[in-house]
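J.: One letter stands for each residue in the lines below.
2 protein chains.
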Amino acid sequence: MSLKKLTDTMLPAIESELQRQVARLDEPHTLPFHEMLTYHMGWTGNGAGSDATGKRIRPLLVLLTTAACETGWLHAVSAAAAVELVHNFSLVHDDIQDNSEKRRGRKTVWTIWGMPMGINVGDALFVMSNQAIMDLIEHYPAETVVKAATVLHNTCLDLTRGQFLDMSYETRNDLGVENYWPMIAGKTAALLSACCHIGAILGGVDESKQDAYRSFGHAVGLAFQVQDDILGIWGDESITGKSAASDLLEGKKSLPVLHGLSKGGKFAERWAKGPIQSDEVEDLAQVLASEGSYEYTHGMSRQMTTLALDSLREADPQGEAGEALMELANKLINREQ
Amino acid sequence: MSLKKLTDTMLPAIESELQRQVARLDEPHTLPFHEMLTYHMGWTGNGAGSDATGKRIRPLLVLLTTAACETGWLHAVSAAAAVELVHNFSLVHDDIQDNSEKRRGRKTVWTIWGMPMGINVGDALFVMSNQAIMDLIEHYPAETVVKAATVLHNTCLDLTRGQFLDMSYETRNDLGVENYWPMIAGKTAALLSACCHIGAILGGVDESKQDAYRSFGHAVGLAFQVQDDILGIWGDESITGKSAASDLLEGKKSLPVLHGLSKGGKFAERWAKGPIQSDEVEDLAQVLASEGSYEYTHGMSRQMTTLALDSLREADPQGEAGEALMELANKLINREQ
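First to last, the sequence lines map onto chains A and B.
Residues 1 to 337, numbered by the numbering used here, are exactly what the first sequence covers, in order.
Residues 1 to 337, numbered by the numbering used here, are exactly what the second sequence covers, in order.
Errors might be hidden in some of the hints.
Said to hold, decoys possible - Covered by chain B, according to a simulated footprint, are these stretches of chain A (three or more residues, beta-carbon under 8 Å):
hint : region
1    : 89-101
2    : 259-267
Claimed, not checked - Some chain A residues judged to face chain B by a derived CB distance under 10 Å, without partners named:
hint : residue
3    : Ala142
4    : Asn173
5    : Leu175
6    : Asn179
7    : Pro182
Read the hints as simulated data drawn from the structure, not as lab findings.
Computed from a predicted model, the values in this text were never measured in an experiment.
In this text, a Cβ means the ideal position worked out from N, Cα and C, and glycines have one as well.
Can you make the complete structure from the sequences, with help from the hints?
T.: Structure representation (structure tokens):
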């Protein structure tokens with residue numbers, strides 16, 4: 001209940017701040033460029049609307065954390081925009097790198113305007129994230145701005161690390177579960193961790209509390225990704241909306257797959273023979289489960305969830321925002337889709 | 001003489017700071033990623049060495065400006081690294097966008113490691129520029145760091161604007177000389193302007209002096225680009241090392257070309273008929289000159305040069321660094337290659 005109530009007031013503020021940041025390109029010379037960004041953000045073009053914008057989880061995490069530190073969240077809204085712009089910059093470049101033609105049911109930027117423009121759109125969103133975090137100077141001391149920006153920049157390097165690992169894993173056959181964590185630490189956990197860390201910095205709590213919020217975000221990110229990996233192989237198609245075994249078809253080296261490969265059993269044997277076909281995914285998912293990979297992955301998900309909840313308890317979030325933060329964490333971790 | 005003397009002490013400091021920044025990826029998990037960056041920076045791989053690193057003009061401009069404000073330049077070295085990292089990020093992405101296979105005589109990053117990795121290398125260099133500018137906090141008050149970073153970020157958005165215009169001009173046939181300036185303001189002048197502006201901020205001079213340094217850098221950038229356009233059509237091949245009329249062959253919408261097109265004479269007539277062939281470039285360059293485009297472009301170059309020197313006089317740079325700054329400006333503007 002707290003989450004819905006707070007979300008209803010925070011989301012419009014986030015959206016309007018994002019629009020204000022992106023409007024830096026809303027000038028006569030660069031109107032078509034501006035349009036590429038507003039399209040990607042889900043505001044304009046075919047299929048624009050709330051399905052196209054995404055859920056804005058990351059900026060919500062920033063604002064809920066700031067509020068849970070018993071400070072006003074309104075001044076933190078440019079930091080919230082900054083993390084969402086980082087997320088979207090990485091999506092635009094990801095789509096090019098993965099050759100993905102669709103995102104949230106719509107054509108990707110590069111598909112419409114070409115790869116060179118797509119790279120430039122990602123770059124512009126990245127620049128705007130830097131500008132947005134600097135805008136904190138309107139409301140916070142310069143020392144605080146430098147701290148928040150440093151966290152954001154370090155996180156962005158983690159994103160490139162995760163992206164590098166993800167791309168390099170595609171062609172590697174010597175991987176075990178130990179290779180999984182550094183990749184998703186960069187690709188998924190780093191930015192969620194930064195959201196809570198930055199929120200806590202702006203909330204003015206001491207360093208030990210900042211650390212606790214940071215660990216909370218990190219663990220939520222890991223738990224979220226592990227859960228995503230489970231759904232990608234054993235999810236209920238009618239709920240997730242995508243083929244349950246699509247990760248197997250795509251050859252994605254998710255945690256269950258890496259676990260299965262390390263077992264060297266029937267799953268590993270089949271995997272080594274080349275791409276999985278759609279008529280065998282259902283059976284293969286069962287083989288993988290029978291070799292203990294479902295059990296193992298679920299156990300990891302539980303561990304990360306415990307870690308997240310322990311960290312949140314240590315952070316000791318206050319009031320309605322604290323409750324909302326707990327609700328959001330549960331939603332992210334225990335989701336079925 | 002002052003330039004050579006100062007350059008000899010500044011360049012090693014710049015190079016070692018750049019290596020320190022890039023070493024953030026020098027970790028077991030990301031060694032091949034680190035190697036992609038050190039290759040691009042000119043330190044490792046085939047053809048590594050001073051020909052491969054480029055001249056480091058931009059970081060030199062930062063340090064010379066700081067020193068010309070009568071403050072020590074050593075503490076400004078991370079800002080110098082930041083502008084060079086921005087420059088290199090844009091080169092890596094440019095090479096992908098332009099489909100360029102060679103840079104400074106070596107294979108480009110994407111040619112060796114593929115387009116997806118190439119995008120990620122550019123992104124990482126960009127992140128490191130942000131981290132480098134934040135490192136100023138070790139030596140400057142947080143307010144100064146925020147000011148310098150804000151200038152850098154605004155400049156990066158200008159770069160994406162210039163890149164957008166450049167790419168969109170490729171397919172446009174309605175362009176005149178008035179379309180030239182906003183493009184090169186973003187692509188070339190913005191970063192040179194930022195170098196001098198940031199140098200002046202770190203040099204602690206008042207805002208009117210900061211403005212003068214900023215204008216100086218901007219005008220040097222414009223003059224440099226206009227000069228580059230002249231050399232690209234009427235340059236002496238034996239000096240520039242590239243075919244003098246290569247800009248005509250490539251169909252580049254440089255200032256002389258835009259001027260020629262606006263005249264609607266023989267040059268414009270030929271241009272409208274499709275790509276220029278190598279056996280006609282020499283004649284066509286003469287046609288363009290006879291229609292007044294050489295005269296016009298040279299006049300613009302002189303105007304920008306005057307603007308640059310007036311601004312520098314207003315900035316009133318001091319001592320040996322002041323002399324060196326004047327020398328560097330003359331070198332950039334009056335070069336033959």
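J.: Taking the earlier hints as the rules, which of them does this structure contradict?
T.: Numbers 2, 4 and 5 - these are the hints that the structure violates, sorted from lowest upward.
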